[in-house]
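*Asks:* On the provided structure of chain F, position chain Y as indicated by the hints.
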Amino acid sequence: MITIPYLTALTTYFSYVLLFVFGQLRDFSSNLIDWWKPSNVQVRQGYAPICLGLEDFYIRRIFLRVQDCFQQPISSPPDAWIDVVERVSNDNNKTLKTLGSVPSFIYFGRRTTKVSRCLNLGSYNYLGFAAADEYCTPRVIQSLKKYFAGTCSTRVEGGTTALHSELEEAVANFVGKPAALVTGMGYVTNSAILPVLIGKGGLIVSDSLNHNSIVNGARGSGATIRVFQHNTPSHLEKVLREHIAGGQPRTHKPWKKIIVVVEGIYSMEGEFCKLPEIVSICKKYKAYAYMDEAHSIGAVGKTGRGVCELLGVDTADVDIMMGTFSKSFGSCGGYVAGSKELIQYLKYSCPAHLYATSLSPPAAQQIISSIKVILGEDGSSRGAQKLAQIRENSNYFRSELQKMGFEVLGDNDSPVMSLMVYNVAKLPAFSRECLKRHLAVVTVGFPGTPLLLGRARICISAAHTREDLNIDSLSSIATKHRLFLSSASALRWHNPSPSSAFCWHDLKLLSKSFSLVPTSHVLACSSPSNQQVIGLPRLKINRVRLALKVKLRYKPRDSSCFSFGFLMKTYIL
Amino acid sequence: MDLANYVPSAFTSLLKNATELITFAYDVPFARAVVFGVHIGGHLFVEGLLLVVIIFLLSQKSYKPPKRPLTKKEIDELCDEWVPESLIPPVTEEMKREVPVLLSAAGPHTIINGKKVVNFASANYLGLMGHEKLLQLHNLLPLSFHVDVHLDCETRIAEFLGTPDSILYSYGLSTMFSAIPAFCKKGDIIVVDEGVHWGIQNGLYLSRSTIVYFKHNDMQSLRSTLEKVTQDNKRAKKLRRYIVVEAVYQNSGQIAPLDEIIQLKEKYKFRVLLDESNSFGVLGKSGRGLTEHFHVPVDKIDIITASMGHALASEGGFCTGSHRVVDHQRLSSSGYVFSASLPPYLASAAIAAIDVIEENPQLITMLRDNSKILSTGLLGIQGLELASDIMSPLVFLRLKKSTGSLKSDLQLLEDLADRGKCQTFDLKVLPAVCIVGLYGTTHKRFLKMMQLQVLKEHSVFVTTSKRSIVDKCNLPVGIRIYVSAAHTESDLQKACESLKTVAASLFTD
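Listed in order, the protein sequences are those of chains F and Y.
Using my numbering, the letters of the first sequence correspond one by one to residues 1 to 573.
Using my numbering, the letters of the second sequence correspond one by one to residues 574 to 1082.
The set of hints was computed from the structure by calculation and includes no laboratory data.
Yeah, the Cβ is synthetic: ideal placement off N, Cα and C, and Gly gets one too.
Do not rely on the hints blindly, as some may be mistaken.
To be verified - With a straight-line cut-off of 25 Å between C-alpha atoms, the simulated BS3-like cross-links for lysine-lysine are:
(1) F:Lys340 x F:Lys283
(2) Y:Lys873 x Y:Lys706
(3) Y:Lys873 x F:Lys253
(4) F:Lys200 x Y:Lys688
(5) Y:Lys669 x F:Lys340
(6) Y:Lys840 x F:Lys37
(7) Y:Lys759 x Y:Lys842
(8) F:Lys146 x Y:Lys689
(9) F:Lys200 x Y:Lys873
(10) Y:Lys646 x F:Lys286
(11) F:Lys37 x Y:Lys811
(12) F:Lys145 x Y:Lys706
(13) F:Lys340 x Y:Lys646
(14) F:Lys253 x Y:Lys811
(15) Y:Lys688 x F:Lys146
(16) Y:Lys788 x F:Lys37
(17) Y:Lys858 x Y:Lys811
(18) Y:Lys842 x F:Lys284
(19) Y:Lys788 x Y:Lys858
(20) Y:Lys759 x F:Lys256
(21) F:Lys436 x F:Lys114
(22) Y:Lys688 x F:Lys37
(23) Y:Lys689 x F:Lys145
(24) Y:Lys688 x Y:Lys1073
(25) F:Lys146 x Y:Lys706
(26) Y:Lys759 x Y:Lys706
(27) Y:Lys689 x F:Lys286
(28) F:Lys238 x Y:Lys842
(29) Y:Lys646 x F:Lys284
(30) F:Lys253 x F:Lys274
(31) F:Lys256 x F:Lys302
(32) Y:Lys706 x F:Lys37
(33) Y:Lys801 x F:Lys200
(34) Y:Lys842 x Y:Lys758
(35) F:Lys200 x Y:Lys759
Stated by the list, open to error - The calculated label-pair distances, taken between Cβ atoms and stated as ranges, are:
(36) F:Ile33 x Y:Lys637: 55 to 65 Å
(37) F:Lys284 x Y:Met668: 23 to 33 Å
(38) Y:Glu932 x F:Lys145: 14 to 24 Å
(39) Y:Ile963 x F:Ser380: 49 to 59 Å
(40) Y:Lys688 x F:Ser339: 26 to 36 Å
Just chain F, with the same shape it has in the complex (with noise of 0.2 Å):
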């Protein structure tokens, strides 16, 4: 449960006001300008517009404004330091002629040869795997010598190469169960497993932060879908009451079956499935149980074997285990662990097996490589120091930055942890001092968050070392731009003027942040000069404020709010 200062949420929701505003705004007078678009030629001729309504409004009129803080180009492997492309934008980004059209998201800045060297604060590297590696590399290079690229074939007809046999061993083994399928994607392994498993006259019970794939296979499968609290093991037991009891919709049918799905590490917010509660309800009610370990396998736990390990669950308790080798593995492809049979069921009917392309070999051997280094089974002991170095690393960070007064989410021992920003404008703000900083942070705003709950979200990996987590720059872009304090912090924040200047701060940061006055350049608006902060008369609303937190629950990520469209997650770095 997240707790939001009720001032703060007045004025994101103002900010938000107040953009589509202006959005609506250009909208009108770049209809009246620009009829001879393309797009606008077609709808004359009787084609609908490709984009209805407001489907991409918010794209157009506000991430377009902002969008050099999202989708940032980088030049080198997502090791603990990074290249980040700098960017410009030539014509200001603003002009009204420009906002009609709608300009190519990635080329709207010419692309320039100059980097910055940034701290990456973003990247899934949890062990370290995506640089190079002294063990890994060799051997996925002899690999592509021998298997190329691709294999042009799918796992059953003939792309299945004695190297993915060789990783699905490798991976059961990991994870701790009799069988594993690889797939060459993550996000194609959620969505295609799914609708094997489960079809019309089935319950998917899944945690209202799951991630997007698990809501597109559960909604590609046809069973019903219903949504439990986040992480909270009483609301799904109750949910799970319920619905036994209440058979299938209409017909009261009894299910045919439940599935419970969950994540290992949620990404969004750094938490810990709490597996163990959770698993005991399933067996309790007889559902299965599916977790998500993308973040968590190979991060977390004594050997890096995933939450499992981590709280000492049985593996043999959850039905389903999937997984993806895009984080800590430093690779690609996803996999999905369970039963002889289950592999042998799902290796004759699932569509990611049959009809996709089989993972490409050279990333097969990176996964096994670093399997065996995290093993111990290079005849080195760099597995288990990679595994102590990230605890050691998130933990001294969170600590770091709870120190700091900053509102972070997570639990400790969680690589991910997200920084509360709050307000709309603070994001954009936020990114760009970041990377003034040589700080290659992610931020993470509306679709991808609830509307109120824009965040900054850090990863921590092993390749950090302790020099490069000594950061007190974030601790100055927090107090210039009085970004997320703690509840507890907030007591005893010692700016002298918050209150109403607070308020007059968060405008003209919104106005500079997405440049609503065309006046200034994008980056010069957040520079320190452009940074006093007028400050209104003080009213007596501190304590008024402090006394009236509301406590806003997310709302349900479930299948209905992702029809809306635009779901933004930030393309870091």
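*Replies:* Frame of chain F; chain Y shown alone:
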């Protein structure tokens, strides 16, 4: 006075009183009023009474059956009683199939079970797999997230096809099922070929649009479907309308007649979504796909998707079109937004592959010649017929005597399968061919047997088309042969001969 007399008299007096009251009511001055020349009479009195009754009835609570929610104990019992189905159906023999494991790269020749075979199971159309340019080692590291090589790859693809922009996906299968829901929402109309592959089917399902199928690659059927859809739906003009087709169908090897589709699309004002997975780098004079093949300007097609795992011998997929089409996907296409990006070495391999295609247009001619050799070579094959287009590098053989009726097909297959059993083939790897009573199953098993024969005895590796239980395509299954420019003429002849020999021995009519 006894009671018998009293009751009637009391009743009469009561009645009398009542009549008096009513007459009085009729006689009160306002009851005698005349409104616009009409005598109101006693109406007011009666209506007043009615009103009182109505108000009285309305003020009463409506009847509701008492709610009796389940008690905790009852729910406990229900939960205890409930028995779920098992997670998966019982594993049958058919599910335990072993896939061939390749001991070397999946090039035109590969090693299976220690034996060198000619590989017709990889869609390595141009033989680019293992091309030295694709193996350059800079940027090899498998890693995630946006790197500038992805941008280069996007520009390169757009430049090659002559489209304004393109967007890179990290997997071929996810391209279509992410791109379709980004543009089609509930209520939109999609007219689609019934033979499209699962990736498209899933995209259609996820979009929740109104889906109308037309007969596989049948332009008459498309025309009548379009006509019907536009006529039936009064609001059709305001809805987004799409035609979804594959350039070369994965499930049949047929080529979509784009020129006719364009005519129809323009007549009925539909947009076209074209999947070029098996035609990109293959069709057209310089490999620019179906549009070049039919000399149609590429901007007539609104959205083109393709997998890079075929002709480009890499992995991943892309979608290309106008700026607006591409930009919209960058935030609203789930497979793009919610997944790690393509490993950069695969993106650079794709760039290199496009360079090779541009530099060596003879590869495409070679491929075309090879496809023709194989297709014509297989024309007279016994019991099977060519379903694919003669230009298509994806050669598809299906059973000839599919009469359309399930029962007679089954009978035929039964005969054939029995004869197959009687032949003295080395069938140790196979369970005896049994008729399970399912058309598809028998069919598939039969083809599978043929595939194994060809592989074991003639060292030619061909595959049967597989059908997942979630796949709704109902085109007949068959044998799928991927031709490559890297196959030599002797490879192709060997394939033709061995397929023919095995077919002849299996289908001895």
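*Asks:* Are the Cα atoms of Y:Lys759 and Y:Lys706 separated by 25 Å or less?
*Replies:* Violated. Y:Lys759 to Y:Lys706 sits at ~45 Å, over the 25 Å cutoff.
*Asks:* Starting from Y:Lys788, check that the Cα of F:Lys37 is at most 25 Å away, please.
*Replies:* 36 Å, violated
*Asks:* Could you grab the alpha-carbon distance between Y:Lys759 and F:Lys256 and see if it respects the 25 Å cut-off?
*Replies:* 28 Å, violated
*Asks:* Check whether the Cα positions of Y:Lys706 and F:Lys37 lie no farther apart than 25 Å.
*Replies:* Violated, because 41 Å separates the two Cα atoms, which is more than 25 Å.
*Asks:* Tell me if the straight-line CA distance from F:Lys200 to Y:Lys873 falls inside 25 Å.
*Replies:* At roughly 39 Å apart (the allowed maximum being 25 Å), Y:Lys873 and F:Lys200 break the hint.
*Asks:* Given the hint that Y:Lys689 pairs with F:Lys145, test it: the Cα-Cα distance must not exceed 25 Å.
*Replies:* Roughly 19 Å separates the two Cα atoms, so the pair holds.
*Asks:* Look at the Cβ atoms of Y:Lys688 and F:Ser339 and judge whether their distance stays inside 26 to 36 Å.
*Replies:* Holds, at about 33 Å.
*Asks:* Holds or violated: F:Lys200 and Y:Lys688, Cα atoms, limit 25 Å.
*Replies:* 45 Å, violated
*Asks:* In this structure, is the beta-carbon distance linking Y:Ile963 and F:Ser380 contained in 49 to 59 Å?
*Replies:* Since Y:Ile963 and F:Ser380 have Cβ atoms about 58 Å apart, the given range 49 to 59 Å holds.
*Asks:* Just to be careful, I want the Cα atoms of Y:Lys688 and F:Lys37 compared with a cutoff of 25 Å; is the pair within it?
*Replies:* 60 Å, violated
*Asks:* Holds or violated: are the alpha carbons of Y:Lys759 and Y:Lys842 at most 25 Å from each other?
*Replies:* 19 Å, holds
*Asks:* Does Y:Lys689 pair with F:Lys286 here, judged by a C-alpha cut-off of 25 Å?
*Replies:* 50 Å, violated
Checked against the numbered hints above, the structure breaks hints 2, 3, 4, 9, 13, 14, 16, 17, 18, 19, 20, 22, 26, 27, 28, 30, 31, 32 and 33 and satisfies the rest.
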